[in-house]
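Colleague: Given these sequences and hints, build the entire structure.
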Amino acid sequence: MSQSASVAQDSNELEALFDSVARSDRRAAPSAAVAAREASAQSPGDLRAEKMLTRIGQLTRTLHDSLRELGYDKDIERAASAIPDARDRLAYVASMTEQAAQRTLNAIEIAKPIQERLADEATGLVRRWDSVFARELALEEFPDLVAATRRYLAAVPGQAGATNAHLLEIMMAQDFQDLTGQVIKKIADIIQSLEAQLLALLLENISPERCAETGQGLMNGPVVNAAGRSDVVTSQQQVDDLLGSLGF
Amino acid sequence: MPDKNLKFLVVDDFSTMRRIVRNLLKELGFVNVDEAEDGVVALQKLKAGGFDFVVSDWNMPNMDGLALLQAIRGEETLRGVPVLMVTAEAKKENIIMAAQAGASGYIVKPFTAATLEEKLNKIFQNMECKA
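Going down the list, the protein sequences come from chains W and U.
If you count the first sequence from 1, position 176 lands on 181 in my numbering, and the numbers rise without skipping.
If you count the second sequence from 1, position 97 lands on 98 in my numbering, and the numbers rise without skipping.
For the record, the hints were derived by calculation from the structure and aren't laboratory data.
BS3-like mimics (lysine-lysine), calculated; alpha carbons at most 30 Å apart, straight line: (1) U/Lys110 <-> W/Lys190; (2) W/Lys117 <-> U/Lys27; (3) W/Lys190 <-> U/Lys92; (4) U/Lys123 <-> W/Lys117; (5) W/Lys117 <-> U/Lys5; (6) U/Lys27 <-> U/Lys48; (7) W/Lys117 <-> U/Lys8; (8) U/Lys92 <-> U/Lys123.
If you want the footprint, here are the derived chain W segments under chain U, 3+ residues with CB under 8 Å: (9) 103–113; (10) 234–242.
Built from N, CA and C at the ideal position, the CB exists for glycine as well.
Modeller: Structure representation (structure tokens):
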């Protein structure tokens with residue numbers, strides 16, 4: 006089955022599911038009198054479970070709508086056209102940034118030797134000219150030195166041009182940022198909304214004792230926002246100071 | 002004066018970072034550089050012998066940098082090999098744990114070429130003092 010056809014089929018089935026949840030949701034918001042009758046017929050546990058199920062249904066619906074919005078938005082679709090869901094989009098971002106890094110490093114590894122050769126040849130010629138001015142060069146060697154110098158000067162524009170081309174390639178390799186930036190922003194919006202709703206759901210249903218903060222562990226990755234934190238360092242200098250203060 | 006033929010092992014799960022560290026070491030004159038993508042592969046290569054220096058990330062699958070460091074320090078034949086941590090982990094807890102486990106140095110990402118050179122030289126100096 007083609008991708009768009011299977012997505013369409015998923016869509017129809019999901020739509021049907023959401024509609025049935027929405028109907029039960031409407032049933033779950035009756036008048037006060039009916040509510041009182043229903044409450045006496047169900048245990049508190051049942052009521053809470055049903056309420057949570059309804060909230061999860063609503064949540065999933067919102068997520069589905071957001072993802073659909075993401076998928077069919079023309080600009081984003083063009084940028085991420087082969088990708089059906091949020092996890093694949095993240096993989097896309099990772100892959101694009103890696104490609105950009107490889108492209109950049111490739112260009113650098115080719116351009117560096119060009120620059121090094123340019124510098125080395127110039128240094129060699131300078132040494133030979135210095136020996137001319139120190140009257141150490143034999144007269145017969147002079148024409149050869151002049152020719153070598155002229156050859157070098159003639160070659161410089163070409164070498165500089167080659168390096169420039171690699172620099173341009175490095176610049177172009179940064180184009181990933183525009184595409185990944187768009188995709189990341191959309192994913193961030195989805196996640197933020199999801200988190201807020203899940204948090205609200207949890208807070209409504211969790212008992213107070215379970216709210217204690219658990220330890221963060223040692224695998225946290227880079228610190229993205231150090232504001233208000235005293236348990237992290239923000240520069241190499243602080244790392245060195247901390248180690249120094251402990252005698253390392 | 003450090004021997005330019007020192008054999009380095011660069012350990013990081015991101016190939017881009019391994020490539021950057023390799024190029025920086027090359028800039029400093031060290032061309033004998035091998036790579037590993039996690040602590041397990043790193044330990045295998047180290048046990049096969051011949052390595053003089055380890056530069057390692059922390060957050061890696063299969064065996065993280067701290068576990069690798071502890072394994073190196075616990076192994077008779079590898080105990081004396083310098084291990085320079087280069088990692089995004091910036092919690093004070095991380096830095097202290099690494100130092101206590103025997104890390105020879107700690108560089109936090111993002112880092113500069115100058116920082117890498119400075120920390121390498123500091124470790125070389127310490128090595129010479131002990132020699």
